[in-house]
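Trainee: Which chain is which? The protein sequence lines are X, R, W and H, in order. Position one of the first sequence corresponds to residue 12 (this note's numbering), numbered consecutively onward. Position one of the second sequence corresponds to residue 12 (this note's numbering), numbered consecutively onward. Position one of the third sequence corresponds to residue 15 (this note's numbering), numbered consecutively onward. Position one of the fourth sequence corresponds to residue 15 (this note's numbering), numbered consecutively onward.
Take the hints with a grain of salt, since some may be wrong.
[Claimed, not checked] Taking lysine-lysine and the DSSO-like style, the derived pairs with C-alpha atoms no more than 27 Å apart in a straight line are:
#1 W:K137 with W:K18
#2 R:K147 with W:K153
#3 H:K153 with X:K147
#4 R:K176 with W:K87
#5 W:K153 with W:K93
#6 H:K137 with H:K87
#7 R:K147 with W:K137
#8 H:K172 with H:K153
#9 X:K149 with H:K87
#10 R:K88 with W:K137
#11 R:K176 with W:K93
#12 H:K93 with H:K137
#13 R:K88 with W:K172
#14 H:K137 with X:K147
#15 W:K172 with W:K88
#16 W:K172 with R:K147
#17 R:K88 with R:K176
#18 W:K153 with W:K172
#19 X:K147 with H:K172
#20 H:K93 with X:K176
#21 H:K18 with H:K167
#22 W:K87 with W:K137
#23 R:K176 with W:K88
#24 H:K50 with H:K153
#25 W:K18 with W:K172
#26 R:K149 with R:K88
#27 X:K176 with H:K87
#28 W:K153 with W:K50
#29 R:K149 with W:K153
[Stated by the list, open to error] Heads up, incomplete: computed chain R residues facing chain W, CB under 10 Å, no partners named:
#30 I16
#31 P17
#32 S20
#33 R95
#34 D98
#35 F102
#36 T103
#37 G119
#38 A122
#39 E123
#40 I125
These are calculated hints, taken from the structure and not from any lab test. Using N, Cα and C, we set each Cβ at its ideal position, and we do this for glycine too.
In case you want the letters, here they are:
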Amino acid sequence: MDKTIPSLSEAVSGIPDGAVVMIGGFGGSGAPIELIHALIDRYISTGSPRNLTVVNNNAGNGHVGLAALIEQGMVRKLICSFPRSADPRVFTERYLAGEIELELVPQGTLAERIRAGGAGIPAFYTPTSYGTDLAKDKPVEEFDGRPYVRELWLKADFALIKAHKGDRLGNLVFNKAARNFNPLMATAAAVTIAQVTEIVEPGAIDAEAVVTPGIFVQGVVEVANPAQEEDLNRAGAAYPEKVA
Amino acid sequence: MDKTIPSLSEAVSGIPDGAVVMIGGFGGSGAPIELIHALIDRYISTGSPRNLTVVNNNAGNGHVGLAALIEQGMVRKLICSFPRSADPRVFTERYLAGEIELELVPQGTLAERIRAGGAGIPAFYTPTSYGTDLAKDKPVEEFDGRPYVRELWLKADFALIKAHKGDRLGNLVFNKAARNFNPLMATAAAVTIAQVTEIVEPGAIDAEAVVTPGIFVQGVVEVANPAQEEDLNRAGAAYPEKVA
Amino acid sequence: MSSKLSATQIAWRAAQDIADGAYVNLGIGFPEMVAKFQPPGREAIFHTENGILGFGEAPRAGEEDWDLINAGKKAVTLKAGTAFFHHADSFAMVRGGHLDVAILGAYEVAETGDLANWSTGPKGVPAVGGAMDLVHGAKRVAVITDHVTKDGKPKLVKRCSLPLTGVACVTRVYTSLAVIDIENGRFVLREKLPSLSVDDLQAQTGAELLVPGPVADLVVPEL
Amino acid sequence: MSSKLSATQIAWRAAQDIADGAYVNLGIGFPEMVAKFQPPGREAIFHTENGILGFGEAPRAGEEDWDLINAGKKAVTLKAGTAFFHHADSFAMVRGGHLDVAILGAYEVAETGDLANWSTGPKGVPAVGGAMDLVHGAKRVAVITDHVTKDGKPKLVKRCSLPLTGVACVTRVYTSLAVIDIENGRFVLREKLPSLSVDDLQAQTGAELLVPGPVADLVVPEL
Chain X
12 MDKTIPSLSE AVSGIPDGAV VMIGGFGGSG APIELIHALI DRYISTGSPR NLTVVNNNAG
72 NGHVGLAALI EQGMVRKLIC SFPRSADPRV FTERYLAGEI ELELVPQGTL AERIRAGGAG
132 IPAFYTPTSY GTDLAKDKPV EEFDGRPYVR ELWLKADFAL IKAHKGDRLG NLVFNKAARN
192 FNPLMATAAA VTIAQVTEIV EPGAIDAEAV VTPGIFVQGV VEVANPAQEE DLNRAGAAYP
252 EKVA
Chain R
12 MDKTIPSLSE AVSGIPDGAV VMIGGFGGSG APIELIHALI DRYISTGSPR NLTVVNNNAG
72 NGHVGLAALI EQGMVRKLIC SFPRSADPRV FTERYLAGEI ELELVPQGTL AERIRAGGAG
132 IPAFYTPTSY GTDLAKDKPV EEFDGRPYVR ELWLKADFAL IKAHKGDRLG NLVFNKAARN
192 FNPLMATAAA VTIAQVTEIV EPGAIDAEAV VTPGIFVQGV VEVANPAQEE DLNRAGAAYP
252 EKVA
Chain W
15 MSSKLSATQI AWRAAQDIAD GAYVNLGIGF PEMVAKFQPP GREAIFHTEN GILGFGEAPR
75 AGEEDWDLIN AGKKAVTLKA GTAFFHHADS FAMVRGGHLD VAILGAYEVA ETGDLANWST
135 GPKGVPAVGG AMDLVHGAKR VAVITDHVTK DGKPKLVKRC SLPLTGVACV TRVYTSLAVI
195 DIENGRFVLR EKLPSLSVDD LQAQTGAELL VPGPVADLVV PEL
Chain H
15 MSSKLSATQI AWRAAQDIAD GAYVNLGIGF PEMVAKFQPP GREAIFHTEN GILGFGEAPR
75 AGEEDWDLIN AGKKAVTLKA GTAFFHHADS FAMVRGGHLD VAILGAYEVA ETGDLANWST
135 GPKGVPAVGG AMDLVHGAKR VAVITDHVTK DGKPKLVKRC SLPLTGVACV TRVYTSLAVI
195 DIENGRFVLR EKLPSLSVDD LQAQTGAELL VPGPVADLVV PEL
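Could you build all of it, start to finish, from the sequences and the hints given here?
Mentor: Spelled out as structure tokens, the structure:
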């Protein structure tokens with residue numbers, strides 16, 4: 012079994028128009044910038060994929076990564092908890108113009124809905140959002156005398172995630188807090204593509220320390236020197252690069 | 012902060028009569044034999060704790076560990092998925108005599124109920140057990156055209172677990188498949204006591220490889236050479252040792 | 015060839031349908047044998063409920079590590095690429111539909127796909143383990159079983175008489191006499207021992223066998 | 015001492031109530047300052063929603079690791095005993111009641127314990143982050159805030175006018191003028207600036223302040 016994919020363009024080639032795509036990361040940490048940019052490249056040359064529904068904690072920052080995907084007009088709907096950042100203009104402008112739909116989900120509920128999607132749990136109850144506008148129209152029930160809101164699982168057609176090391180079986184480890192949503196999204200998507208800084212031999216990752224077992228991963232592509240969103244934004248970068 | 016406890020007897024001293032106690036392990040792997048035996052010692056010398064409700068995947072094997080706890084008559088009710096083993100006589104006899112109550116829970120549902128208890132999720136839906144005797148009287152609901160059974164969280168007063176290494180902050184790692192229910196139970200109990208083969212300095216466990224973060228652990232006690240249930244049973248051991 | 019397949023031969027037949035790279039859970043006991051018969055050039059990845067993915071064969075006697083066991087509590091070994099995880103993550107793999115195949119034993123299988131394999135009735139101590147989770151998780155749930163009970167009664171039946179493990183979950187049954195699919199709530203015969211007529215097989219089966227197409231010979235090596 | 019506490023001083027006061035060994039989540043922005051003022055001899059363990067327990071202070075400028083950040087996306091550092099985990103485990107800690115204290119900012123706090131701190135109304139882009147989870151998770155949910163808005167309107171009110179973050183969740187409010195508990199749906203005054211009379215304070219508060227016992231002087235060092 013060999014899940015490695017030789018190129019970024021091949022890694023994102025199967026994502027169709029209208030797909031639900033989970034994209035890992037919390038702000039820039041753990042964001043698979045290169046996979047996102049490969050998707051933009053494909054869109055620029057083929058017009059596809061478009062009308063995507065994207066699940067991410069945020070809504071992009073500056074003009075790279077998720078923000079660049081939105082800027083291209085590829086995203087129809089965003090499911091996230093916090094569509095703010097140091098430079099959220101790309102999303103904000105489209106949102107206020109009614110050009111992109113937003114489903115706002117509390118961060119813990121977002122994480123749990125994704126986990127539930129991966130774990131075959133169609134619904135669960137949480138105290139989060141009870142009595143607030145975000146619980147509107149959701150079933151409420153009491154357990155042990157406290158009210159809870161029922162939330163539904165969240166699944167995706169594809170997950171694009173970023174890991175630190177991966178092997179050809181798809182076993183992954185992450186770098187520090189860049190773990191965040193990445194392991195959860197891997198479980199909740201029909202097809203999970205991981206960009207990893209280094210592809211290693213099976214066994215090189217300690218069996219005890221594997222964070223995402225290979226069963227959750229369908230493709231692994233090596234990006235040896237991944238860009239960090241914060242660094243790109245400090246340098247004023249945009250994707251694709253602006254031609255003077 | 013120092014969560015280390017100097018002795019096994021002190022580690023189990025706070026468990027009252029009638030407590031709900033989760034005990035880690037899957038069969039013998041990951042079973043905190045020494046903590047269980049310390050609890051038996053306390054019962055023999057003080058008559059307490061009794062009327063315990065125990066949560067474990069199994070129901071003991073032979074005459075050591077959980078089986079010995081049951082043999083002492085300390086357990087009023089057992090919540091488990093598989094009360095069978097190579098030598099299940101202790102439980103079987105008491106069960107057939109009506110001396111111990113059994114709540115049988117499918118293994119995945121047991122794991123998820125414990126996780127839910129630790130994660131503040133009072134109820135969730137699962138396909139498991141739909142249409143079977145184990146779903147009797149439980150609410151059923153359809154999601155995406157499939158029927159699911161609603162299950163409730165499971166929490167405990169105490170968890171007795173076994174880990175490989177632990178630090179004084181309560182961070183834990185486990186040994187191979189001895190992980191099983193241990194990390195889940197740590198999250199679901201008001202007080203979690205971990206016996207560990209080695210207490211190490213904070214930082215000695217790689218921050219990336221911590222399986223149970225210290226927030227879930229209230230006490231750590233070192234048992235440098237823990238017994239393995241399979242070895243004890245092969246040697247025909249019983250606890251307390253039978254006096255000829 | 016004898017008049018029926020041995021347990022080992024049934025396991026061999028089931029193993030032939032497991033694709034290279036498939037994620038597989040084998041029920042405890044008899045189904046564990048399936049792992050031995052992976053066809054050359056194919057490598058499945060085995061999952062066990064107690065938190066291991068990609069474990070290897072049994073160790074030699076005396077080399078067991080009792081913290082490295084499968085759901086049947088038999089010792090296994092590590093391989094390059096093994097991963098450990100806790101029980102909730104393990105059953106997320108099961109319930110979440112991540113396994114390709116689960117192969118289980120059976121007391122009874124109904125033409126509806128219902129399975130009874132955990133309880134022989136109200137007597138004794140009930141024990142369910144992971145069976146009820148497995149039948150709802152894997153993309154394909156297959157059963158391996160003798161075609162009839164030790165008393166000669168059909169195990170493939172119209173409706174299960176024993177407590178159910180799951181409803182409408184089994185899609186293929188490998189028996190000591192035949193390979194039978196379950197489609198639209200009916201048994202569909204795919205393969206049978208060459209020595210056996212369809213009528214002979216029907217006589218040992220508790221519900222109607224549909225034969226909509228050619229029936230292949232069920233040919234299994236001596237093992 | 016000036017007529018009101020600075021943000022830094024409010025953070026200092028809140029920090030005095032955090033016990034040694036407490037697990038603490040500090041909301042993004044202003045509440046993050048609380049970490050700087052742990053009393054000597056006490057060490058709290060800080061949790062951040064994005065998957066770190068036990069992180070250390072901010073690194074020096076230029077030494078940031080952008081994979082080692084807090085929920086406010088500011089760089090932090092490792093300490094001996096830090097643990098990383100994913101978002102579902104992180105919010106299991108929150109929702110499961112494992113945190114001792116969460117300290118959050120507020121637009122409004124009602125005498126009922128209701129909190130509004132995520133939305134100033136239907137205009138603009140709504141963003142909630144982890145606030146709605148935090149208010150239902152920690153054993154103690156405290157708010158630090160100016161006593162009044164920039165326009166001088168009370169932030170401690172009878173009923174919140176802004177969209178709620180949570181219902182009946184706040185139990186203590188540290189303001190620029192006072193320390194106020196919420197008990198049985200009422201504001202209970204515990205401490206106030208010595209220069210301020212109860213009547214002065216009441217005049218700047220949008221719901222009745224109960225004074226069932228002695229009111230301590232709120233004394234905070236110059237910072």
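Trainee: Run every hint past the structure and note whether it holds.
Mentor: Structure-based check of all given hints:
For the given pair, K137 of chain W sits about 31 Å from K18 of chain W by alpha-carbon distance, which is inconsistent with the 27 Å threshold. Taken as a hint, the K147 of chain R and K153 of chain W pair is honoured in the structure, with Cα atoms around 26 Å apart against an allowance of 27 Å. Restraint check for K153 of chain H and K147 of chain X: satisfied, since their Cα atoms lie roughly 26 Å apart, inside the 27 Å limit. Restraint check for K176 of chain R and K87 of chain W: the C-alpha separation of about 23 Å stays at or below 27 Å, so the hint holds.
As the CA atoms of K153 of chain W and K93 of chain W are separated by approximately 25 Å, the hinted pair is consistent with the 27 Å bound. With a C-alpha separation of about 25 Å, the suggested pair K137 of chain H and K87 of chain H falls inside the 27 Å cut-off, and the hint holds. Restraint check for K147 of chain R and K137 of chain W: the C-alpha separation of about 18 Å stays at or below 27 Å, so the hint holds. Between K172 of chain H and K153 of chain H, the direct Cα distance comes to roughly 24 Å. Compliance with the 27 Å bound is thereby established for this hinted pair.
The hinted pair formed by K149 of chain X and K87 of chain H fails the criterion: a straight-line CA distance of about 31 Å is larger than 27 Å. The straight-line distance between the Cα atoms of K88 of chain R and K137 of chain W is roughly 19 Å, inside the 27 Å bound, and the hint therefore holds. Simply put, K176 of chain R and K93 of chain W have alpha-carbon atoms about 23 Å apart, close enough for the 27 Å limit, and the pair holds. A distance of roughly 41 Å separates the Cα atoms of K93 of chain H and K137 of chain H; the hinted pair therefore is violated under the 27 Å criterion.
The straight-line distance between the Cα atoms of K88 of chain R and K172 of chain W is roughly 38 Å, outside the 27 Å bound, and the hint therefore fails. For a cut-off of 27 Å, the pair hint linking K137 of chain H to K147 of chain X stands: about 18 Å separates their Cα positions. Taken as a hint, the K172 of chain W and K88 of chain W pair is broken in the structure, with Cα atoms around 35 Å apart against an allowance of 27 Å. Of the supplied pair hints, the one linking K172 of chain W and K147 of chain R holds, its CA atoms being roughly 23 Å apart against a limit of 27 Å.
Of the supplied pair hints, the one linking K88 of chain R and K176 of chain R is violated, its CA atoms being roughly 31 Å apart against a limit of 27 Å. In summary, the hint linking K153 of chain W to K172 of chain W is supported, as the alpha carbons are separated by about 24 Å, within the 27 Å threshold. Of the supplied pair hints, the one linking K147 of chain X and K172 of chain H holds, its CA atoms being roughly 23 Å apart against a limit of 27 Å. Taking the CA atoms of K93 of chain H and K176 of chain X, the gap is about 23 Å. The hint holds against a cut of 27 Å.
With a C-alpha separation of about 15 Å, the suggested pair K18 of chain H and K167 of chain H falls inside the 27 Å cut-off, and the hint holds. A hinted pair counts as satisfied when its Cα atoms are at most 27 Å apart, and K87 of chain W with K137 of chain W qualifies at roughly 25 Å. Restraint check: the Cα-Cα separation between K176 of chain R and K88 of chain W comes to about 25 Å, which is no more than 27 Å; the hinted pair holds. This hinted pair checks out: K50 of chain H and K153 of chain H have alpha carbons roughly 22 Å apart, not beyond 27 Å.
As the CA atoms of K18 of chain W and K172 of chain W are separated by approximately 22 Å, the hinted pair is consistent with the 27 Å bound. The straight-line distance between the Cα atoms of K149 of chain R and K88 of chain R is roughly 20 Å, inside the 27 Å bound, and the hint therefore holds. The straight-line distance between the Cα atoms of K176 of chain X and K87 of chain H is roughly 23 Å, inside the 27 Å bound, and the hint therefore holds. At most 27 Å may separate the alpha-carbon atoms for a hinted pair to count; K153 of chain W and K50 of chain W meet this at roughly 22 Å.
Restraint check: the Cα-Cα separation between K149 of chain R and K153 of chain W comes to about 26 Å, which is no more than 27 Å; the hinted pair holds. Annotation: interface hint on I16 of chain R violated; nearest CB of chain W at approximately 23 Å, more than 10 Å. Because the beta carbon of P17 of chain R sits about 26 Å from the nearest beta carbon in chain W, more than 10 Å, this interface hint is broken. Taken as an interface hint, S20 of chain R does not check out: its beta carbon lies about 26 Å from the nearest beta carbon of chain W, beyond 10 Å.
Taken as an interface hint, R95 of chain R checks out: its beta carbon lies about 5 Å from the nearest beta carbon of chain W, inside 10 Å. Checking D98 of chain R against chain W: minimum C-beta separation of about 12 Å lies over 10 Å; hint violated. Annotation: F102 of chain R was flagged as interfacial toward chain W, and the flag holds, the nearest CB pair being 7 Å apart, inside 10 Å. For the restraint placing T103 of chain R at the interface with chain W, the shortest Cβ-Cβ distance is roughly 5 Å, inside the 10 Å limit, so the hint holds.
Because the smallest distance between the Cβ of G119 of chain R and any Cβ of chain W comes to about 3 Å, under 10 Å, the interface hint for this residue holds. Proximity of A122 of chain R to chain W holds as hinted, the smallest CB-CB distance being about 4 Å (cut-off 10 Å). Checking E123 of chain R against chain W: minimum C-beta separation of about 6 Å stays under 10 Å; hint holds. A cut of 10 Å between beta carbons decides the hint on I125 of chain R: the least distance to chain W is about 7 Å, and the hint holds.
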